[in-house]
Amino acid sequence: LLEYSIVGLALGAVYAIAASGLIITYVSSGILNFAFGPMAYFLARFYYFLLVQHGWPIVPAAIVTIGLAGPLMGALLYLALFRHLRNSTTLIKIVATIGLAVALPSIAKLIFGSIAIPTAPGLAPEPVHVFRFGGAGVNLNQVIAFAALIIVVVVGGLVLRFTSIGLRVRAMVDSATLTSLCGVSPSRVAVGVWAASTTLAALAGVLLAPTIGLSNDQYVLLMDAALAAVIAARLKNLPIGIVAGLAIGWLSSIVQKFLPPDSSFTAAIVPSIPFGIILLFLLYYLFIGGGVDEDRMGGGALDRAVMTVDTGPVRTAGATARRRLDPRISLGPAGLVIVVALLPLVLTSYWTGLIGSGLAMSVVFLSFTVVTGQGGMIWLCQATLAGVGAVTTAQLATVYHMPIIPAILISALLAGVIGLLIGVLTIQMGTLYVALVTLSFGLLIETLVFSIQRFDQYGAGVILARPSFATSDDDFIYFGLVVFCIVAFLVMNVRRATTGLSLAAVRSSERGARSIGLSVLSAKLIAAGVGSFVAGLGGGMMAIYAGAATPATYATLTGIVWLAVVASIGIRTNVAALIAGLVFAVIPGAFAAYLPSSWGEVPAALFGLGAIVSARNPEGVVALHGRQIHDLIQRVSASRASRASSPSPALAGGPDDSYAAAGAGHAAASRSTGRKDEARR
Amino acid sequence: LELVVNRKYLAVLAAAVAGTMVLSACSSGKSGGGSGGSGGGDVTVGLLYDVTGTASSNYTDATIGVKARIAEANAAAGSSGRQIKLEIGDSASTPAGALAAAKKLIEINHVQTIMSWTPFAYGAASYVQQKNVPMIGGAWDSSPLWRTADNMFGSAQGPYDPKAVAATWGDYFKSKGVTKVATVSTNSPAATAAAASVAKSAQAAGLPVVYTNSSATFDQKDFSSIALALKSSGADGVYAPFSPAQMLGFATSLSQQGVKTKVILAATGYGKTLLDNATARTQAEGVSYVTSYAPVEINTPATQQWVKSLQQYGSYTGSPTFNVAGTWIEADLLVKGLAKVSGSADAASIETGIKSITDFTADGILAKPGDLSKKTIQAGGLGWDNCIWVSTVKSGKFVPENPDPYCGSLLAS
Chain A
1 LLEYSIVGLA LGAVYAIAAS GLIITYVSSG ILNFAFGPMA YFLARFYYFL
51 LVQHGWPIVP AAIVTIGLAG PLMGALLYLA LFRHLRNSTT LIKIVATIGL
101 AVALPSIAKL IFGSIAIPTA PGLAPEPVHV FRFGGAGVNL NQVIAFAALI
151 IVVVVGGLVL RFTSIGLRVR AMVDSATLTS LCGVSPSRVA VGVWAASTTL
201 AALAGVLLAP TIGLSNDQYV LLMDAALAAV IAARLKNLPI GIVAGLAIGW
251 LSSIVQKFLP PDSSFTAAIV PSIPFGIILL FLLYYLFIGG GVDEDRMGGG
301 ALDRAVMTVD TGPVRTAGAT ARRRLDPRIS LGPAGLVIVV ALLPLVLTSY
351 WTGLIGSGLA MSVVFLSFTV VTGQGGMIWL CQATLAGVGA VTTAQLATVY
401 HMPIIPAILI SALLAGVIGL LIGVLTIQMG TLYVALVTLS FGLLIETLVF
451 SIQRFDQYGA GVILARPSFA TSDDDFIYFG LVVFCIVAFL VMNVRRATTG
501 LSLAAVRSSE RGARSIGLSV LSAKLIAAGV GSFVAGLGGG MMAIYAGAAT
551 PATYATLTGI VWLAVVASIG IRTNVAALIA GLVFAVIPGA FAAYLPSSWG
601 EVPAALFGLG AIVSARNPEG VVALHGRQIH DLIQRVSASR ASRASSPSPA
651 LAGGPDDSYA AAGAGHAAAS RSTGRKDEAR R
Chain B
1001 LELVVNRKYL AVLAAAVAGT MVLSACSSGK SGGGSGGSGG GDVTVGLLYD
1051 VTGTASSNYT DATIGVKARI AEANAAAGSS GRQIKLEIGD SASTPAGALA
1101 AAKKLIEINH VQTIMSWTPF AYGAASYVQQ KNVPMIGGAW DSSPLWRTAD
1151 NMFGSAQGPY DPKAVAATWG DYFKSKGVTK VATVSTNSPA ATAAAASVAK
1201 SAQAAGLPVV YTNSSATFDQ KDFSSIALAL KSSGADGVYA PFSPAQMLGF
1251 ATSLSQQGVK TKVILAATGY GKTLLDNATA RTQAEGVSYV TSYAPVEINT
1301 PATQQWVKSL QQYGSYTGSP TFNVAGTWIE ADLLVKGLAK VSGSADAASI
1351 ETGIKSITDF TADGILAKPG DLSKKTIQAG GLGWDNCIWV STVKSGKFVP
1401 ENPDPYCGSL LAS
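Those sequence lines, one after another, are chains A and B. Under my numbering, the residues of the first sequence are numbered 1 to 681, in order. Under my numbering, the residues of the second sequence are numbered 1001 to 1413, in order.
Simulated from the structure, these hints should not be mistaken for lab results. Among the clues, some could well be false.
[What the hints assert, rightly or not] Cβ-Cβ distance ranges computed for the label pairs, FRET-style: (1) B:K1394 / A:R132: 22 to 32 Å; (2) B:A1278 / A:A341: 40 to 50 Å; (3) B:Q1312 / A:L595: 27 to 37 Å; (4) A:A75 / B:A1278: 15 to 25 Å.
[To be verified] DSSO-like cross-link-like pairs, simulated, lysine-lysine; straight-line CA separation at most 30 Å: (5) B:K1272 / A:K257; (6) B:K1085 / A:K257; (7) B:K1085 / B:K1262; (8) B:K1260 / A:K257; (9) A:K257 / B:K1174; (10) B:K1262 / B:K1272; (11) B:K1308 / B:K1355; (12) B:K1200 / B:K1308; (13) B:K1308 / B:K1260; (14) B:K1394 / B:K1200; (15) B:K1355 / A:K257; (16) B:K1368 / B:K1340; (17) A:K257 / B:K1180; (18) A:K257 / B:K1340; (19) B:K1163 / B:K1174.
Since this is a predicted model, take the numbers as computed values, not measurements. Beta carbons are placed, not taken as given, at the ideal position from N, Cα and C, and that holds for glycine.
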């Protein structure tokens, strides 16, 4: 047992380092950095670039990576991105870091080149010395990682507790406003915090590479395992985070001793350990500790009083009533649908194929519109729910010989029920916890369910014939458009109904919504159920288009890229979901068709950067430009009207249905001010 | 500033979409799907592989073999002879990406043959079959179509059944004095089936399988606890169907925990990439790597010629990796198939040409001749006729266990 414990703790140190990086960043900056893994990968890749590709000795390569590149990257990212997120909602912060997570690996490939890296050296010289503890062997890289973990925790703890710098950082976390009033520059502290955080990412990246390998996926997945420790720590408690990280490693090792190695039960238990720990701690916190909500922590009453949270531009309900009377409003979306419907007449089958697949994606993307855009919840398991729709459709159609349409609908209902269950379990949690739990849930289903041979078929998935009315790509486009329009109509009605208005009010101010007696719970549950149903439906459509329900298509990490794409185009509107689906399929297709294959990484980098840009403009490019066009029309109308001596409307609906969202007073006020500024320009 | 940033972003987006539409509108009408031949007997062929995405780092050298073989064929044909033009399709590490890339190759590049070198080839297989375009591949991805479709051809190995069992593995373990066998794999059905096939082969050879672990996750690199369990099982022969990077993690854990075995058999990883990396060289010491093609270290006239061609036409020196060798052999099958076509070649005639080959050895670098005229099912992870070579890393070099390949018959599974 001692041997297994030693090697388990050595592995656990890896999770503990990752968890402490995430916790320290969150504690000192208020942002749970979903890009911490990709940042660690990027810097570890830079270390490999210096050490192996350019033959630098270990010490200078490590100093340049950890001491120079790390802090520089942090400072740059703060100035370019995180600076603008300080007063943003959790939702916007998550989307921005996800965008960064999507863009960084592609940027790393573009900068450092795409080469095969079979194994990565660490800080220990080769050949790596192995120490014996009883019957267990621990190598020098693992010993260095352990030592670094202790040093970071002890030094970090001492600096935070006993130095004036630490005092300022803690003060800033407790109350940025009061600290500013004391004459401390928030920007200066924040630059320092981010520089320290990325230095930690560099250290983690370099230390972990020998144990986990040098690929971005390894780092992202490691961070996901470490998230269990982060949740156990309630995002803030570093000692608990470290103990939980060590416990995950220890448990993973111990099960190999006590469980039969050849049973499918063991194969299921091993990857479930992080999720089990998450579940355990959440139940503990929910029933004993009074729930988990990051918004309840940090910030004093003064901060809340003076804070202007940027929830993105919103409109009043009055706009909804007005836009129904305005025939111009639906011209944009309807025009787009007509244009897409006409495309098969002019395009070759390569492009119609891409558009067909884009339409199936658009349906899935509508689930983000419902859950995130309307419901205000970040779910990172939409791809999994789409996968549930796909594999169930395939089973119903091939094993039970059900016609394809009922098969898709039943599969979507199943996804909807799963979504409702997730909703019930997570709805009382804060945005961050919901994101973390859904991410872990997605990875768990991917490992446990999608890998079952019945669904996996040695990787190829279950072959699924297209329905007779949509065998060609042209026909599939019409079929996809009809399905998209029906689902969009459903989503639009949810939005316009009391549920949608309640959700908009909740998004704007949960406390305010509660105070006027709105049922937050039921409104969010409806969004969860409808969103998951739509994801399942979209998954079924994707499977029909591809001709097979292949679980690999619905990987949880792929879903994160989807979210980045939707966020950058626009997460609140149906038409943006349609454009996002088409862009997601057509842009890489265009790059593949007309540019050298070495440009292939560019679209992924663009999608990630798009999501980062969206952090500064949460409504997305479609809504922004739609509004600008509409404002232009309004101004023209207003000038005509003024000539006829009739007053122009102060607030009006936009060219698409995003503006049906009811809004908070302060947002409406700021919009009016913005309009005046814009008019002056 | 916000407005400027967003305007620029939208401008880029709009330009990209508009550009796409204009270009596609300019292209000729609906494509016939690669059925038309090129003028002057020239042919255009496509290579489908993961240029981008999560799997791409495993295939960075995939174009070397195919480009070298095509350059050699073009040089041999002379400027007046039939020239082969290569187009690349990026399967982007997803089944949907493979389908889109195959469509691009057939409908935009009008290729007459597709060579696939991606684990996601199954995403494109049905479409390529519908278009009647021949598809040459490693046949090591999961598509069941390799076993049935007339247009799909394995090159370094024949079509395989994941459940099939060949005597090769058990015989090899026995020849090395192994007395107890262990298998370790990830929990995917494909990997579990590969491990089970080897375990059954060992049992058929009278060797007890004392440890079977299929609980590794696909991102796992630290196998310390599994190594401890393996040590206590007393196994002295181990088979692990891992990716090259994962195999190095496994080998490191075995040596770190002091596991003494006679054989550690790795499914893939032979080649220059491993030897070029000093850390990998150390970690792989003592590990035996399986190949379906002749390791160049056996130094036969055939491998000498191969080394020379790779150097001359691909500027490649050292042991050819799975990718370099695999795509070379694919391209060689294409060249051999083309040689059977007189006059201008189209998809149908190339398919017929390939089907008429019954003795494909890629000029002596395959163990047994492959018969492309029929679908002879074999076991997975082996070359034609269930044959393999095994090379062990000793003092930082690959040393073949035997100049002749190890072959075995198919057992009733």
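Going down the list of hints, with the structure as the test:
Between B:K1394 and A:R132, the C-beta spacing of about 25 Å keeps the proposed range 22 to 32 Å intact. Separation of B:A1278 from A:A341 is about 59 Å and departs from the stated range, judged on CB atoms against 40 to 50 Å. The beta-carbon spacing between B:Q1312 and A:L595, approximately 30 Å, falls within the hinted interval of 27 to 37 Å. The given range of 15 to 25 Å is broken by A:A75 and B:A1278, whose C-beta atoms sit roughly 34 Å from each other.
Between B:K1272 and A:K257, the direct Cα distance comes to roughly 37 Å. Violation of the 30 Å bound is thereby established for this hinted pair. Among the hinted pairs, B:K1085 with A:K257 is inconsistent with the structure: their alpha-carbon atoms are about 56 Å apart, more than 30 Å. Between B:K1085 and B:K1262, the direct Cα distance comes to roughly 47 Å. Violation of the 30 Å bound is thereby established for this hinted pair. A threshold of 30 Å between alpha carbons decides the hint, and for B:K1260 with A:K257 the separation of about 19 Å falls inside it, so the pair holds.
Simply put, A:K257 and B:K1174 have alpha-carbon atoms about 28 Å apart, close enough for the 30 Å limit, and the pair holds. Of the supplied pair hints, the one linking B:K1262 and B:K1272 holds, its CA atoms being roughly 24 Å apart against a limit of 30 Å. For the suggested pair B:K1308 and B:K1355, the alpha carbons sit about 29 Å apart, so the restraint of at most 30 Å is met. Between the alpha carbons of B:K1200 and B:K1308 the distance comes to roughly 40 Å, so the proposed pair goes past 30 Å and is violated.
Distance restraint check for B:K1308 and B:K1260: the Cα-Cα separation of roughly 39 Å exceeds the 30 Å cut-off, and the hinted pair is therefore not satisfied. Note on B:K1394 and B:K1200: the hinted pairing holds, with a Cα-Cα distance of about 29 Å set against a maximum of 30 Å. Taking the CA atoms of B:K1355 and A:K257, the gap is about 52 Å. The hint is violated against a cut of 30 Å. A hinted pair counts as satisfied when its Cα atoms are at most 30 Å apart, and B:K1368 with B:K1340 qualifies at roughly 21 Å.
Restraint check: the Cα-Cα separation between A:K257 and B:K1180 comes to about 19 Å, which is no more than 30 Å; the hinted pair holds. With a CA separation close to 59 Å, the supplied pair A:K257 and B:K1340 exceeds the 30 Å bound. The straight-line distance between the Cα atoms of B:K1163 and B:K1174 is roughly 22 Å, inside the 30 Å bound, and the hint therefore holds.
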